[in-house]
Amino acid sequence: MADPRRSPLAHLAEPLAATGIMRELPYLSSFEVRGDPAEPAMARLGAALFPGPLLAASWPTAGHAAGTGPRYALWCGPGWYLLVDEPGSALAEAMADDLPGVSAVDVSAGRTVVELSGPHAREVLAHGCALDLHPRVFGPGSCARTNLAKAQVILHQTASTTYRVFVGASFADYLARWLLDAAVEYIRGEPVDQ
Amino acid sequence: MSQAFRRAAGGRIDRSRTLNFHFDGRAFEAHPGDTLSSALLAHGVRVVARGPYTGRPRGTYGIGAEEPNAFVQVDSGPGEPMVRATTLEVYDGLVARSLAGRGELSDEPDHSRYDKTWAHCDVLVVGAGPAGLAAAHAAAVTGARVILADERPEPGGELLAGRAHLDGRPAMDWVRDVHARLTGLPEVRVLTRTTVTGFYDGNFLVAVQRRTDHLGADAPAHVARQRLWHIRAARVVLATGAHERPILFPDNDRPGIMLAAAAAGYAWRYGVLPGRRAVVAGAHDGALWAAVDLFDAGVELAAVLDVRRLPEGQVHRALRDRGVAVSAGHGVVGTDADADGVLEAAWVAPVDGSPRRVPCDLVATSGGWNPAVHLYSQAGGRPLWSADHAAFVPGDPVPAVSCVGAAAGTFGLADALAEGAEAGWQAGAGTHGGGGEEPLPPATDSVADAGAPAACWLTSDLRPDTVFVDLQRDATLHDVRRAVGAGMTSSEHVKRYTTAGTAADQGRTTGVTTVGVLAGLLGLPVGAVGTTTYRPPYTPISFGLLAGRDRGRLLDPERRTPMHERHEAADAVFENVGQWKRPWYYPRPGEDLDRAVERECRAAREGVAMMDVSTLGKISLSGPDVGEFLDRIYTNRFSTLKVGQCRYGVMCLADGMVFDDGVTARIAPDRWHLTTTTGNAAAVLDWLEEWLQTEWPSLRVSATSVTDQWAAVAVVGPGSREVLRRLAPSLDVSAPAFPFLSVRDATVAGIPARVFRISFTGELSYEINVPAWHGLALWDALLAQGITPYGTETMHVLRAEKGFIVAGQDTDGTVTPHDAGLGWAVSTAKHFIGSRSLARADTARADRKRLVGLLPADPSVVLAEGAQLVVDADAPTPVPMLGHVTSSYRSAALGRSFALALVAGGLTLRGETLYAVDAGRAQPVVVTEPVFYDPEGARRDG
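Sequence lines, in order, name chains B and H.
Anchor point for the first sequence: position 14 equals 14 in my numbering, and the numbering is continuous, going up by one each time.
Anchor point for the second sequence: position 283 equals 283 in my numbering, and the numbering is continuous, going up by one each time.
Since the hints were made in silico from the structure, they are not lab data.
None of these values were measured; they are calculated from a predicted model.
Idealized CB from N, CA, C, for every residue including glycine.
You may find that some hints are simply not true.
To be verified - With beta-carbon atoms standing in for the labels, derived distance ranges:
| hint | chain 1 | residue 1 | chain 2 | residue 2 | range |
| --- | --- | --- | --- | --- | --- |
| 1 | H | G202 | B | K150 | 56 to 66 Å |
| 2 | B | E86 | H | E437 | 48 to 58 Å |
| 3 | B | T158 | H | R97 | 22 to 32 Å |
| 4 | H | E437 | B | R136 | 50 to 60 Å |
| 5 | H | G937 | B | P100 | 36 to 46 Å |
| 6 | B | G139 | H | E437 | 27 to 37 Å |
Claimed, not checked - Stretch by stretch, here's where chain H covers chain B in the computed footprint (C-beta under 8 Å, at least three residues):
| hint | segment |
| --- | --- |
| 7 | 130-144 |
| 8 | 158-170 |
Looking at chain B on its own, in the form it has when it is part of the complex (with noise of 0.2 Å):
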């Protein structure tokens, strides 16, 4: 059977694809949690989250992901993270326990992610992002809750030049289309109609 979802930016797909610099990665599993780090709650589904010696049961600091692989926590704000996994993880269940002083709830179909990738992903950002994303200040594992253009989005960037965009199901057209038309002079190629 056909999935029957449809992603914020299906219709975008092939547009994105003909940048060479960006694509939809949709159905990523996430959850806002909330909580003091230091509850042992808290402590408890970070260890349950990242099991092993290192991870356990430390949530990322200030601009900073935590977690290796598909499966991160993005800082947000001061007790509050972003939990990120692949799409279909089972990030649910390991929320089902209780957890006093914890808030986890499922946002995953509420965000969609743009990845951009490649030399000319940070300079097409620089176009709609205040931050200064210069690898002296904001490398692999920085996140941020930001702007980019007039869409309110959380940036992280997961590799030297990757970095993934989670921007609200409602803001992605816009946010995709604006992404098209500032990687128009990095691209082969004229802007897409607006």
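Fit chain H to the known structure of chain B by using the hints.
Quick look at chain H alone, frame taken from chain B:
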């Protein structure tokens, strides 16, 4: 026309290529590297503009951004009004014409692309003249991130004239080497054709980069014509150079009168003679060196005048070697023009002596250099008068900002290079920690000054109405005297009174000169009068660039629901609700708004209809104290709500006025789902966070926006239960099992869903929420049931028939819950935000405006929303106004028009006739209860 004034060789132009352009309808030729001014001067074209008020002919006066005269209208390409000919690079096909004052905006849409970008650096160097290049290079070798911005097409600044030597080689070789090294460094960005126009708080600077204007028709369509740079710099080095200022005299505005260094610059930078026979008049050594340059370029020097009397210095010897004598203590006291108004002679005289007439086609005048302190001043610095410099120079230092070279009053090349290198090194090392070795500035021949510059503002004040203190505004010495005569003593007042310094050139050439003249009239020291304030932008910025890509569809985010494309496919007419695009109505072929809404209403009241309500604000609240928190937020009580139930709530601001309303459900003991109006979603979340974070941090509550997480469809009408029964076979949809104001998790059309039994129409209805990525599938499944979609207009009619308010439409921040007929939802047994305000005498007044219904006497009349309500339409003005219409529609169910209104006295006026006045027409209306349809609420359960 031939380029009769083009020198045989030299200049930074590419003589191997010829460009064709038109000016004032005539065809001309130019070479790449020419500006419009240099190309016109090459052809001997002297008149490029006219005084806006006097109509007097005017010629090119300067050589860069300081130009006061040569503003032209560009008609080619996208067209642009008021472009400086001195900085307008000629391209093949350029069409321009002279102006007298204002230019014209084109009526045609501008299809050029405009770009914005952000940039961050350790060191921003503004100006790529010798000091700026030295600074950028010294900063760059520390490893610091450097941006070097210069408004010209290539770096070099004053060195572009090509006469100076550094390290024993032509200075432009050094410029080329430094430029190459800079562009080869990964952390250095060199921006040419880039004007830093503003210096704002926190070392935030804005720069305008002209990227394709010089390419004309060859400009690639996909490349943004201009780019606005937002630059955040840890340190800023201002190497912005200086602007030459003139000495004033009667008839100082004739074509052929130029600034001296500008005249020499045309000869050497562009290989164009600005005239053949010149009178050079100055008050500082620079003017005399300009005479040397003009002579060496082949200009006959008819007279070289210096207001100063000096012993012979290096520059005098240079002139004497060329057979030229300096007339010390001399100045220009007037000029003559030919029949076209173009300069043909200067009157020169010793101080207080009798003048003699000197035929010439060029008067090159220079009263000195004004350091370009604009950005320093914008950064918070105060320029101070320096008698040694005879100029305003940067005063107290501004933190993290250095001024170097001519911008700091350091005019000697060797000193400027050393100053730039030191400042660049300090800035780079201070931000990046250093590394590499401090580079030595290149060696230059030392030039000894013959004497200090003199502060000379004018050499004759006879006929003051022809002594122009502002060429672009046609403001004269006479005007300044009138201002002083009227009692003005402040340079700011005189500027506004005379308009001197208010034109597009911002008085860059003569602003300080005007201050000097004013000081003389007032008998005050120049420093005591002071300059006027320098404000951004340094040079004008086009509106297109300020808009950037925020235009057309990208002007503002268009928020779309997951079902958006189905609405488009159904030919829905959309309306903007906040940033959302919502279907307004779904016209079938031949239907207008009224017909479509009537059909949609009927479907909802008689069958089954559905609406995309995904835009409603949704907030997930969790924690053990949510109930207590909501009791404080809402006027009514929520802590008693049982799991699986929903309740309508009203929230007020602290003033007791209605802020928002919506339905909140208790999903689990510690988990709640709160909804807001579409337009208030963000404001409500902010409101909740404000109270949680600042007032009640002890409450264990967290709030998460889930507006975009859930797609939602309201299925409305007597047939809705049957639809849900078919699509959710495992859900018991019977009224006892799924009563009004309850919520159930269910599988609907195979999709995991959360179904609320709530109603904004009075009909039996269900709001089915599914994860947003399933929204389209849910909509399609409902469409397949043959359900009629309806839009916001029908929603408004249906809810108004029931007297349901829309916060923000039927309320306006002055309406209490009681005023809105929601007193039933206000608890008196608890405190909530606004409760104390609702106890005030004013909020209990009997004559407050309250929600009522209105029935127009003529049932076919739909009142204008906003129409004022009065008792007597014929009363003399001012007519006492009782209130206004807030919502007004035609009702299919009632078979007539109706309205909601806020009226002083409210339902005490029930049955009275009032008049709704709009656009001069008064419509009689009868005041009624605000519930028009099914007042018993019998339809809610199907």
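Results for each hint:
1. G202(H) / K150(B): 56 to 66 Å: 22 Å, violated
2. E86(B) / E437(H): 48 to 58 Å: 51 Å, holds
3. T158(B) / R97(H): 22 to 32 Å: 55 Å, violated
4. E437(H) / R136(B): 50 to 60 Å: Given range 50 to 60 Å: violated, Cβ gap about 22 Å.
5. G937(H) / P100(B): 36 to 46 Å: For P100(B) against G937(H), whose Cβ atoms are near 41 Å apart, the range 36 to 46 Å holds.
6. G139(B) / E437(H): 27 to 37 Å: Between G139(B) and E437(H), where Cβ atoms are some 29 Å apart, the hint holds.
7. 130-144: holds (count 6)
8. 158-170: This one holds; 3 residues, not fewer than the three required, reach chain H with a Cβ under 8 Å.
Consistency with the previously given hints fails for numbers 1, 3 and 4, ordered from lowest to highest.
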